[in-house]
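Protein chains: 2
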Amino acid sequence: MQSEFDFIKRIRDQAAKASAPDLVLGIGDDAAILREREGRETLVTVDLLVEEIDFKLEYAPPRLLGHKALAVSLSDIAAMGGAPAFSLLTLGIPKQFQPSNLKSGVFWEEFFAGYFALAEEHSVSLIGGDLSSTPDRLTIDSVVIGHCRAGGAIRRGGAKVGDAIYLTGPVGASATGLKLLLGGARVSESEEGLAQSALRAHLKPTPRAAFGRRIGERGLAHSMIDVSDGLAQDLARICEESAVAAIVDYDSVPVANEVGLISKGPEVAFDFAVGGGEDFELLLAASGDDEAELFEIAALCGLGLSRIGELVPADQTRPRLLLRRGGEVKPLSIRGFDHFQI
Amino acid sequence: MQSEFDFIKRIRDQAAKASAPDLVLGIGDDAAILREREGRETLVTVDLLVEEIDFKLEYAPPRLLGHKALAVSLSDIAAMGGAPAFSLLTLGIPKQFQPSNLKSGVFWEEFFAGYFALAEEHSVSLIGGDLSSTPDRLTIDSVVIGHCRAGGAIRRGGAKVGDAIYLTGPVGASATGLKLLLGGARVSESEEGLAQSALRAHLKPTPRAAFGRRIGERGLAHSMIDVSDGLAQDLARICEESAVAAIVDYDSVPVANEVGLISKGPEVAFDFAVGGGEDFELLLAASGDDEAELFEIAALCGLGLSRIGELVPADQTRPRLLLRRGGEVKPLSIRGFDHFQI
Chain W
3 MQSEFDFIKR
13 IRDQAAKASA
23 PDLVLGIGDD
33 AAILREREGR
43 ETLVTVDLLV
53 EEIDFKLEYA
63 PPRLLGHKAL
73 AVSLSDIAAM
83 GGAPAFSLLT
93 LGIPKQFQPS
103 NLKSGVFWEE
113 FFAGYFALAE
123 EHSVSLIGGD
133 LSSTPDRLTI
143 DSVVIGHCRA
153 GGAIRRGGAK
163 VGDAIYLTGP
173 VGASATGLKL
183 LLGGARVSES
193 EEGLAQSALR
203 AHLKPTPRAA
213 FGRRIGERGL
223 AHSMIDVSDG
233 LAQDLARICE
243 ESAVAAIVDY
253 DSVPVANEVG
263 LISKGPEVAF
273 DFAVGGGEDF
283 ELLLAASGDD
293 EAELFEIAAL
303 CGLGLSRIGE
313 LVPADQTRPR
323 LLLRRGGEVK
333 PLSIRGFDHF
343 QI
Chain G
3 MQSEFDFIKR
13 IRDQAAKASA
23 PDLVLGIGDD
33 AAILREREGR
43 ETLVTVDLLV
53 EEIDFKLEYA
63 PPRLLGHKAL
73 AVSLSDIAAM
83 GGAPAFSLLT
93 LGIPKQFQPS
103 NLKSGVFWEE
113 FFAGYFALAE
123 EHSVSLIGGD
133 LSSTPDRLTI
143 DSVVIGHCRA
153 GGAIRRGGAK
163 VGDAIYLTGP
173 VGASATGLKL
183 LLGGARVSES
193 EEGLAQSALR
203 AHLKPTPRAA
213 FGRRIGERGL
223 AHSMIDVSDG
233 LAQDLARICE
243 ESAVAAIVDY
253 DSVPVANEVG
263 LISKGPEVAF
273 DFAVGGGEDF
283 ELLLAASGDD
293 EAELFEIAAL
303 CGLGLSRIGE
313 LVPADQTRPR
323 LLLRRGGEVK
333 PLSIRGFDHF
343 QI
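As they're listed, the protein sequences go chains W and G.
Remember, the numbering used here sits 2 above the position in the first sequence when you count from 1.
Remember, the numbering used here sits 2 above the position in the second sequence when you count from 1.
For the record, the hints were derived by calculation from the structure and aren't laboratory data.
Given the structure is predicted, the values throughout are model-derived calculations rather than measurements.
Mixed in with the good hints there might be a few duds.
No distinction is drawn between identical chains; accordingly, a pair holds when it is met within one copy or between any pair of copies.
[To be verified] Derived lysine-lysine pairs resembling DSS-like cross-links, with alpha carbons at most 25 Å apart:
{"id": "1", "residue 1": "K105", "residue 2": "K58"}
{"id": "2", "residue 1": "K58", "residue 2": "K97"}
{"id": "3", "residue 1": "K206", "residue 2": "K181"}
Let the hints inform the model, and build the full structure from the sequences given.
And the structure:
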């Protein structure tokens with residue numbers, strides 16, 4: 003059976019036959035890289051959100067949906083070390099949400115309030131898009147264009163043996179939130195507590211934009227990715243693209259407190275946190291020599307950075323992802339979000 | 003009832019509040035315009051194609067669908083007077099077309115054969131995209147990025163009173179093809195004739211890329227748009243954005259021969275041709291002084307250019323679109339494709 007990964011690889015191989023003078027990097031990273039102007043690179047990313055697959059309207063308030071539609075693409079630009087500038091938004095709209103339906107007015111006002119609030123926060127201008135009817139499901143395609151200095155884009159493939167692995171925050175809260183939502187929990191602005199925090203982590207993720215941009219400006223990471231498909235799977239992508247292997251320290255991985263709401267015992271929680279997607283924390287490989295500066299930038303951005311492991315030579319006799327616990331090193335199973343396995 | 007037009011206008015007004023130093027033109031034209039490099043402008047466009055709305059798999063062979071997915075966006079870049087360079091492709095894929103389904107292999111091979119053949123023809127590099135499952139319908143979102151010289155992008159809003167109106171080819175063939183397809187006709191590579199030509203006009207449209215690019219290079223049009231939503235509606239857009247009115251000469255509008263297959267009588271055929279969408283001819287407003295050069299470029303590109311009317315002052319006492327026939331001037335009704343009225 004072909005996975006999403008294989009499918010993309012085939013398209014990527016075919017696309018790679020074309021070359022263009024201004025193309026720096028095509029398919030296969032968080033964003034494509036173009037050389038549109040001397041001294042800087044242009045980054046382009048696109049993310050598709052489909053009703054019933056990526057969200058359900060029964061639990062996703064439209065304002066948060068508008069926020070998330072932009073947030074997921076801002077996260078990709080951050081993962082490249084860039085700053086976002088422009089966005090395009092394509093909507094496939096089913097009958098009940100079409101402008102001719104009076105009730106749809108409130109839905110779109112809320113949706114765009116969420117979208118534009120985040121756009122304003124990040125100085126992003128919505129410059130285009132497209133609209134079409136759909137037979138039944140709301141479909142959102144979100145494009146963001148950003149910039150970084152020339153040569154500054156941080157790719158998945160730049161990690162080196164000996165690099166330390168860092169993570170900008172705890173993982174597992176978003177997957178916990180999704181599980182709670184599917185179980186009937188609903189987000190409420192007036193409520194506080196761990197459950198609400200999990201729901202918000204899923205419905206209203208915060209892209210690590212300032213951290214990503216600063217890391218790009220200072221050139222402090224060899225490789226970076228956003229944890230959208232799960233820590234294990236996204237770390238595996240860095241390893242694959244950089245031709246290295248990774249050892250993750252069990253005790254160093256920050257498992258979100260929210261995970262405790264649904265997982266009994268630390269080992270189950272660890273597995274859930276490492277396999278769960280959509281946390282949108284940044285995962286980076288960097289030289290341990292730069293650690294002080296990395297922690298300083300994280301603190302400036304209000305993030306709690308964790309050093310969770312190190313990169314080692316790839317070795318065909320063992321898997322790419324390893325887990326070190328109490329001096330023992332075992333394979334770390336790569337589970338995560340395959341967009342075709344749900 | 004709010005139309006697609008009103009809906010877009012509201013989003014556009016909200017988006018216009020944000021301004022960015024490198025943004026030349028945002029929502030409201032065939033493509034957005036960015037100033038990414040001195041001496042040139044960057045054009046960005048996106049088009050959504052949804053199964054059952056924009057195409058049906060029972061009549062659209064996957065190779066032609068791949069072609070059309072790219073063609074519609076190339077047409078937008080041509081309508082801005084630009085040359086395409088890069089593309090991104092987002093696919094929302096239902097179960098039966100997912101890579102894990104063996105039968106889907108042939109579908110995607112054909113789809114990408116069509117896509118990449120057109121990309122190669124226009125020197126376009128596929129640089130990114132996204133994939134997701136969808137519950138049931140195939141969804142295709144096509145982004146194309148192109149370039150033109152600085153100040154060279156041809157907007158909808160630049161037309162002037164006194165300009166002549168030109169069209170790069172006959173209209174109505176695509177709408178005829180769609181009607182035949184819905185009636186059960188199918189495209190066949192081995193067959194010739196008018197019906198097959200109509201089917202191909204709909205399923206495998208040819209973007210007027212070379213013509214659009216040359217017009218942009220030479221600065222020969224004040225306004226240009228591709229006829230994707232119907233001649234009347236797209237001409238109305240030029241008039242609206244340029245604050246002018248248009249007189250169309252009944253006898254000058256080239257109605258495609260294919261229309262005769264389904265319309266009895268020339269007047270019915272005219273209405274059908276002027277209201278039918280997806281011809282992807284270019285419609286432009288230009289000075290009559292440049293007519294010789296316009297016809298020369300069209301001939302170089304293998305296109306039969308027609309002068310179909312002229313622009314006159316907007317006047318609140320009459321509609322924006324007028325039809326002149328035998329010395330008499332009457333309103334030309336604006337029918338066309340509203341993406342929410344189907």
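For this session: Mind listing which of the numbered hints don't hold for this structure, in increasing order?
Result: Hint check: nothing fails, all pass.
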